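One line per chain: the protein sequences are A and B, in this order.
Numbered per our numbering, the first sequence finishes at 120, counting up by one with no gaps.
Numbered per our numbering, the second sequence finishes at 111, counting up by one with no gaps.
Accuracy of the hints is not assured; some may be wrong.
[Claimed, not checked] So the derived label-pair ranges between C-beta atoms look like this:
no.: 1; chain 1: B; residue 1: GLU11; chain 2: A; residue 2: PRO66; range: 43 to 49 angstroms
no.: 2; chain 1: B; residue 1: SER80; chain 2: A; residue 2: ALA43; range: 25 to 31 angstroms
no.: 3; chain 1: A; residue 1: TRP100; chain 2: B; residue 2: HIS78; range: 29 to 35 angstroms
no.: 4; chain 1: B; residue 1: SER48; chain 2: A; residue 2: GLU59; range: 34 to 40 angstroms
no.: 5; chain 1: A; residue 1: PRO75; chain 2: B; residue 2: PRO111; range: 48 to 54 angstroms
no.: 6; chain 1: B; residue 1: HIS78; chain 2: A; residue 2: LEU16; range: 31 to 37 angstroms
no.: 7; chain 1: B; residue 1: SER80; chain 2: A; residue 2: ILE17; range: 27 to 33 angstroms
no.: 8; chain 1: B; residue 1: GLY12; chain 2: A; residue 2: LYS18; range: 17 to 23 angstroms
no.: 9; chain 1: B; residue 1: SER24; chain 2: A; residue 2: SER32; range: 36 to 42 angstroms
no.: 10; chain 1: B; residue 1: GLY4; chain 2: A; residue 2: GLY8; range: 31 to 37 angstroms
no.: 11; chain 1: A; residue 1: PRO75; chain 2: B; residue 2: ALA13; range: 47 to 53 angstroms
no.: 12; chain 1: A; residue 1: ILE17; chain 2: B; residue 2: SER5; range: 24 to 30 angstroms
no.: 13; chain 1: A; residue 1: ALA85; chain 2: B; residue 2: LEU52; range: 46 to 52 angstroms
[Unchecked claim] Covered stretches of chain B, going by a simulated chain A footprint (3 or more residues, C-beta under 8 angstroms):
no.: 14; stretch: 19 to 28
no.: 15; stretch: 33 to 46
[To be verified] Not everything, but these chain A residues come out facing chain B in the computed CB check (under 8 angstroms):
no.: 16; residue: ASN35
no.: 17; residue: ALA43
no.: 18; residue: GLN46
no.: 19; residue: GLY47
no.: 20; residue: ASN64
no.: 21; residue: PRO67
no.: 22; residue: PHE69
no.: 23; residue: LEU95
no.: 24; residue: THR106
no.: 25; residue: THR108
no.: 26; residue: PHE111
no.: 27; residue: GLY112
no.: 28; residue: GLY114
No wet-lab data here; the hints were simulated from the structure.
Being a predicted model, the structure only gives us computed values, none of them experimental.
Beta carbons are placed, not taken as given, at the ideal position from N, Cα and C, and that holds for glycine.
As a plain string of letters, each chain reads:
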Amino acid sequence: ETGVTQSPTHLIKTRGQQVTLRCSSQSGHNTVSWYQQALGQGPQFIFQYYREEENGRGNFPPRFSGLQFPNYSSELNVNALELDDSALYLCASSWTSGAPTDTQYFGPGTRLTVL
Amino acid sequence: AQSVTQLGSHVSVSEGALVLLRCNYSSSVPPYLFWYVQYPNQGLQLLLKYTSAATLVKGINGFEAEFKKSETSFHLTKPSAHMSDAAEYFCAVILGSGNTGKLIFGQGTTLQVKP
């Protein structure tokens, strides 16, 4: 039990729609990262938010966007859904002291299916 | 650019046997390396991490890994497999230097434990 929760657990959308996924971090954690895990693959870094500002992005298009709120919650928004967006989306939170090895705590993920 | 390669997408061992999961890294700077475990329908849990303090790193659940710079390896081992060890295992490296929490994952290795 990491104390990181995600909602919803599962979601089905159709191509072209928009989706919002939510993450609730551990209290006190100032950093949240989002990852996409396609079936049978390792997670891929989407972006990271530190104190409500984007702090780095992986190789994902601008239709992937995020928000981090002061109450330790965050969102991942995906516009114009494509079939390839079907994946498990994971959020991970941490207290960032500046060390790259700060432990990240992962949520259970949201399984998104795009039809 | 940093990357990791996990050798063997599936590993099968008998209960009580040695577990060896292989990970090789590529990095132009001293790497920070991690092993995560993912149980079905769950998020990722940190097993252990290499922070350059010691080359032999002990983690949770009896797992350990040894950093070998000459072989660019960070293999995960456990002396005696338990049925509960059956899961997906991911090796990961930090993206870039000084980038907190931006993990690059390998493709994963599925560990099967036979009774």
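Going down the list of hints, with the structure as the test:
no., hint, result
1, B:GLU11 - A:PRO66: 43 to 49 angstroms, "holds (46 angstroms)"
2, B:SER80 - A:ALA43: 25 to 31 angstroms, "holds (26 angstroms)"
3, A:TRP100 - B:HIS78: 29 to 35 angstroms, "holds (32 angstroms)"
4, B:SER48 - A:GLU59: 34 to 40 angstroms, "violated (29 angstroms)"
5, A:PRO75 - B:PRO111: 48 to 54 angstroms, "holds (50 angstroms)"
6, B:HIS78 - A:LEU16: 31 to 37 angstroms, "holds (34 angstroms)"
7, B:SER80 - A:ILE17: 27 to 33 angstroms, "holds (32 angstroms)"
8, B:GLY12 - A:LYS18: 17 to 23 angstroms, "violated (46 angstroms)"
9, B:SER24 - A:SER32: 36 to 42 angstroms, "holds (37 angstroms)"
10, B:GLY4 - A:GLY8: 31 to 37 angstroms, "holds (33 angstroms)"
11, A:PRO75 - B:ALA13: 47 to 53 angstroms, "holds (50 angstroms)"
12, A:ILE17 - B:SER5: 24 to 30 angstroms, "holds (28 angstroms)"
13, A:ALA85 - B:LEU52: 46 to 52 angstroms, "holds (48 angstroms)"
14, 19 to 28, "violated (count 1)"
15, 33 to 46, "holds (count 7)"
16, ASN35, "violated (10 angstroms)"
17, ALA43, "violated (11 angstroms)"
18, GLN46, "holds (6 angstroms)"
19, GLY47, "holds (3 angstroms)"
20, ASN64, "violated (11 angstroms)"
21, PRO67, "violated (18 angstroms)"
22, PHE69, "violated (15 angstroms)"
23, LEU95, "holds (6 angstroms)"
24, THR106, "holds (5 angstroms)"
25, THR108, "holds (6 angstroms)"
26, PHE111, "holds (4 angstroms)"
27, GLY112, "holds (5 angstroms)"
28, GLY114, "holds (5 angstroms)"
Comparing the model with each earlier hint shows violations of hints 4, 8, 14, 16, 17, 20, 21 and 22; every other hint is respected.
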